[in-house]
Structure formats: structure tokens, C-alpha cells
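Engineer: Taken in order, these protein sequences are the chains called A and B. Residue numbers for the first sequence follow my numbering, so the first one is 1 and each next one is one higher. Residue numbers for the second sequence follow my numbering, so the first one is 1 and each next one is one higher.
Among the hints, erroneous ones may be present.
To be verified - Here are the computed lysine to aspartate or glutamate pairs in the DMTMM-like style, where the Cα-Cα straight-line distance is at most 20 angstroms:
| id | chain 1 | residue 1 | chain 2 | residue 2 |
| --- | --- | --- | --- | --- |
| 1 | B | Lys285 | A | Asp48 |
| 2 | A | Lys19 | B | Glu57 |
| 3 | B | Lys327 | A | Glu181 |
| 4 | A | Lys399 | A | Glu77 |
By construction, these hints were calculated from the structure, which means they are not laboratory data.
So the chains spell out like this:
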Amino acid sequence: MSRLVVGPFNRVEGDLEVKLDIEDQTVTRAEVVSPLYRGFEEMLRGKDPRDALVIVPRICGICSVSQSIAAAEALGEAQGLMPTPNGQLVSNIVHACENIADHLTHFYMFFMPDFARSVYADQAWYSDVSERFEAMKGTAVQDVLPRRAEFFHIVGILAGKWPHTLALQPGGVTKTVAKHELHRLMALVKNFRRFLEREVIGFDLQAFSALSSRDELMVLVDQHGPTHSDLFRFVDLSRRLGLNRLGRATDRFLSFGAYRSGTTHLFERGLYRGGEDHQLNSGLITEDLSHAWMNGPDAALHPFDGVTETDPEMTDGYSWCKAPRLEGKPAEVGALSRQVVAGHPLARDLVATGGNVEARVLARFLEMALLVPMLETWLGEIKTPDPFMAHASMPDNAKGAGMVEAARGALGHWLTIENGKIENYQIIAPTTWNFSPRDQAGQPGPLETALVGARVQGGETGPVSVQHIVRSFDPCMVCTVH
Amino acid sequence: MSGNGNRRNLLWLQSGGCGGCTLSLLCAEGPDVITVFETAGINVLWHPALSVESGDEVHRIIDAILSGQIALDFLCLEGAVVTGPNGTGRYHMMAGRDAPMQDVIKALAERADHVIAVGSCAAFGGITAAGDNPSGATGLSFDGEAAGGFLGDQFMAPGGLPVVNIPGCPVHPDWVTETLSQMSAGTMLPDDLDAVGRPHAISGKLVHHGCARNEFYEYKASATRLCEVGCMMENLGCKGTQAGGDCNTRTWNGSGSCISGGYPCIACTEPGFEDPGHPFVETPKIAGIPLGLPTDMPKAWFVALASLSKAATPRRLRENASSDRLKVYPDRHKSKRGRP
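Construct the complete structure from the given sequences, taking the supplied hints into account.
Structural biologist: So, in C-alpha cells, the structure goes:
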């Protein structure tokens, strides 16, 4: 057996190290190390509760809006305040913009450049794919960056700037949208949609999101050829490399539900395991500290009771990341989980034999195809004469939870206010779930499970299969520990 | 070896931060950031979000710089230097290297021709240093207001500049592209930097300049709650009159700014903004007079002018100020032509 320490992983929004045990050119055990601790939960203690809206978006530069919305929901629950209908619509639009842009950034900037590595130079698709996706030099980057930047004009209008806005509040949004602005916003959405349909996906978004199986997608790729769109380029190489058989994790798919509408969500909340839908009981979420460099009680606690006290000398510790568990077990989160839980037939078909690298990537395309038309719907529902924000005072003693979906999965904030100040603020981010260390029962986290079985070719110090599996989760390492 | 041809080598590291300055930089327009690097003659040796190299490939680049095989023209740090706990740097061990990131930063800073702090965390500690500063975060050459920081107050890079601090939480993409382009061309001079190492081009203007609520400010017609259109200085903690930055003349993500988004400036370009000593969205006052008036205006004059202008506030501004949208429009000035 040999041991390989791989890091820094880049294109993972932060710093990441993975320790691999290898036998017969195959990974037999993995430990995932989150090497950075900043201490946001400590930092928030004793602050005015409203200050959370300034501080928490700055946990993360790529899921900034998701952090804001989780905080706004937690504060709103504490205040007994709901957003106005207009406020909810604008909040959903801003949130969806971030998540769509993140999916785009992940595919073009973070995930695909690995296929331009020389290890693939003898593949039939290599010259086309490397010309398109090579890091910083490929033709895709210069096509995509200006489109992404223009798409963010929507957030510029509605929330002032991205990342790190203060526009998203418990009662809605600070921006009152004028009638004429709706037309400009609609034009921005339609222009972006055209780009997705022409270059990224290659056909009508609604037709794409109506696909119900992987086979139907393969037929389309065969009909039009791999160079028809960037999605097809990926599908073609994925099929040849067998990415649908790589990186199976726990097959317990969790979603907190995304884009509120009254008391329901556009993509519903729940847990999908054993091929069945289950209600999510958020009271059964705990964080285990046994393999983190953290002190605390032996029993894993619900985040309302959670503690954050570092101890770099913890003997069993190997990460700053705590281990979140639902019903005592790990869960995979992300766009794939979200669409599987929401019951989309294509997503369900993609995981028929378990979660995998290809399914995680395709789920992001599916989600872009579902969300961009929703932006048009939501814009159409805004009633400009009505208020965009409601107000309420902040109670001296209260609790609140904000459970939302960032691009990369379930994000929860649990807040306790005492004597008008933040007494406890606990955060579980998507990559905390996906890249968690082991727990007391020795259960590995989803990535630790997904890496077992990955092939390591002779002489590889940063196995390319491991690179694909790691990045398929679209990790956000700055969120993970926070 | 210096760059590719005449191009200048840049290495970008991230430590105690959120990565949001890079994500903001990717929003650069006219042209995009990759094109700017190209036209400014900058060769990116490695960037954590943009480069393909991972693991050992990265350590080889860093080792080649440390051994002098590759010349390093620009070291950019995004995020604060993490020194905790107790100065050990254990809170950020660089992945795959078994070394505290602070040691890697120090070694590279000694090799770089120029050192650039990208964002308020790298410059001053920023949000990462908020509250009790759990991770021992500090800026490269400032710890909040205090000169020194991680590299010490005597630090001067061989290129003839101290640490160049590009402030902001996040940075505006143009602040980075314009600063790096000037430095690559050799036109950034010591006199171009202010007392805390920020280019005057960024901090020489105030967020207040070009603020669409200036008329409300002139008459002290104030918003009382978030989402109202009046001036946010008197009640809602807005620091636009004191904070460096051209946010309302340059604008963000197209036409945006914090103020146009409906919320106050929190002075994210200033050292120590993370702990203002009051809730961010509340203006501290003594006897009804806001603390933190414009920095270069005599207080007595400000108070006198404010009470005078408040008395002269037109009805239009008074009513609009506490509304969530314009209710009263300006009177028309009628031309003589065509009058009956």
C-alpha cells in the first residue's frame, strides 16, 4: 500500500487536501482535509443580530447570496417576519442568478480544464476539447466571461452588486423595482437564454428540461454530434470515459428546498434514499466533532445546540470541518440531489445505478434549463405598485433557522438571540456535508466514499480520476469550515 | 528567467478570505480579465481559480520561484494572513505542503518584485479579523489602522513600492485590472499611493461622489428605514461621505452600487470597517447629531449648515425621503417660448 497526499486542489473555491491510500493502482481509503479555519461562528457571537447580514455573505465569495438568504430567513423566523410577495420574487431572482452563474463558472472554469490535460492527448476528442476548454487559453473562457458578467447586471440592478450585497433582508429587498427596469431585466434574461440555447446547451431550454432519460440525451448527441454544443462535448467524452460509473457516494440525496413561494418551494425539500422519497426532519440534523480539530461534547448535537471551539491537538482530528449527519448518516447535497429530490425524471434516471460524476455535471445543465425560464416567470409576477420590503422589530430573545439551497447544495443557518445579541450562530454549508470527515461510527463523508475505487495510473501524483471526482461536487472550501 | 518573452510573472495566493475578490474580478468587462492580463503583458504563473495546475504541479512552481529559477514580478495575496492560533499559522496549513500558509507567503514576499494585497482582508485584515479575530488574521502591511501587519512597517519591495493595497469587500474588478496594468507598465509610483498604501486612483474619491441621493443629503432629507429613498447618513449608518471609492461614478455589475441597491455604504474600503462599534445599519448619535461626519469639514459648520438646509427642505424631498419610491416629482421650469 502507498499513501498519496494531494493538494492544493485548485478550482475548488478555497484550499483542499486529500490523503489517499492506494493498493493495486486503486484508491482504497480517503481522508478529506479542510485546511483553513476563519471562525465566523465565533466572530458573530455578541453582535447585533442585523450585523449577520453584513458578515455572513462574506463567508463565501461564490455563494454569497445564498449565505445572505439563509441569514435573512433565520432572522425572519426569529422576528416572525415574511418577505412581501415582491420581495420574495426579487430575492428568488437574485438567488437564481447566483446559482446559474455558479453552474456556468463551475463547468467552464473549474471542471472542464482537467480534460485539456496531456494525459488525454491520445483521445479522439482531445484536440477539440482542449482548444475549447484549456485553462485561461481555451476559446470558451473568452466567450463565457463577458456573458457571465452581463448576466450579473441583473444582480447589479436588483441588489447593487455581486458578491456581498446587503439588499436581501428578512422582510424582502431594499430595492424598489420600477416598471421600466423590468423591461431591461427581461432583455438581460432573454439575451442570456439565447446564449445558453445556442452555445452552451445547443437547443431550446424547455425541450432540454423535458428530457426524461439519459438515453434520450444520448440519441440527441448522436444526431447532432459532439461539437454541436459545449454540453454535447461533455456528454460525448463522458460516455467514452465512463464518467457515469465514477465517483458513487452515499446515494442519500438531501435538499433543503429552493426558491420559496409562500410555504412551499419551486424545488421541494426532502431526502431521497433507497429509491424512495422521505420527508426531511430537520430536528434530526446533527454535527459530529470526533474527527475535527474541535472540542465539544461526545454526543453529536443539533446545530441549535452546536458549539464551535477549536483544538488543533485533537488526536483523532484531521480536518477543521465538522461532520454533519442526518438521522446519523451522511448525505450528498448539490444540484443533483436537489433535482432528484424534486423528482425530475432525468435526474432520477441519472442516479438509477447510484450517484456519479456525469450525473452531477448534467444536473447543473438541467437546473440552468429549468431556472432561466423561471426568471422570466418571476419577473412577470412582480407588481411594481406593491411594496418590496416589510419591517418588524428585532426581539430580544428568539431563535430562527434559515434552510436554503446554494448552487452546491443544502445550506443552513441556526441562530439564537439572547438579550438582543447573537448568542449562538451555527452554519452547515453544502461542502460541509459533501466533504465531511468521518464520524464516531467511522462512517466516511460522501467524497471520502466516492473516491474509493478511483483508478490511479502509473506515476500520477495528482490522479486525474480523483480530480474529476472531487470537482464533480463543485466544492466550496471557504464555506465548508467558515 | 523572466516571464514569457517580456511578460511579467504573476502568482496569486488565497488565504484567510472568501475568494470573492477573484469572483468579482471575473466580472470585469470591457475587456474581461484574461484579456487584460494578456494586453498588460502579465503571465499568470498560477492562480487558484484560473489555472489548471494542482497539487505537486503547484509546489513545483512555488519551489522554482523560491530557488530563483523563475522570477516573480507580482505576488498577489487575496484574503488575510492567518497567524493563529498563537502565531503558529495552524489555522491555515497550505494543502499538500505541511507548512503554514503564512510561511509560504513570507518566503514568496521576499522573492517578489512587487507585493499586492487584493481586497480589504489582505490589506488590513478585513472581515476575517472581525469580532475577536478568531484566526489571528492580519493584513500584509497593516493590521486595521496600525502599520506593520504581517510583513512589518519597514517592508519595501525591490520594485520600489510598499505593499500596494487594493481595498474593497470585494474589490471592484477595474480597481484590480487598472492597478496591475499600471504596475506592469511601471507607471505606478510611490506618490500614487495614500497613507495606507491604496492607489489614490481608488481612494482619492469618495463613495459620496455621484451618489444619486446627493440632493437628499444636501437638505438632510433622510430615510428612516431601509428601502426608503432618502439619504442614509443620518439614520442608517451610511459612510459614503467618509469612505474612499468611486463606487457611484464607476458603478458595479453594470449600473449598480450599494446605494442604488437601497442599502448604506459600510466603508468596506477602509481599514477596520469590520468593527464599526455600532450596528452597521444604524448611525450612532450624540444629542441627535450623527457621529462620523465628513472627515475634512469643521463640525460646527456642518451642524449649522445642516440645520439651515433642513429648514429649507423642499416638500418634494421631505416626502420622497421616507417613501420607498418617488412620490413627488420636480416642478417643471417653463420656457417662455409658446406661452399664451
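Engineer: Against each hint, give a clear statement of whether it holds in the structure.
Structural biologist: Comparing the hints with the structure gives:
no. : hint                : verdict
1   : B:Lys285 x A:Asp48  : holds (17 angstroms)
2   : A:Lys19 x B:Glu57   : holds (17 angstroms)
3   : B:Lys327 x A:Glu181 : holds (17 angstroms)
4   : A:Lys399 x A:Glu77  : holds (7 angstroms)
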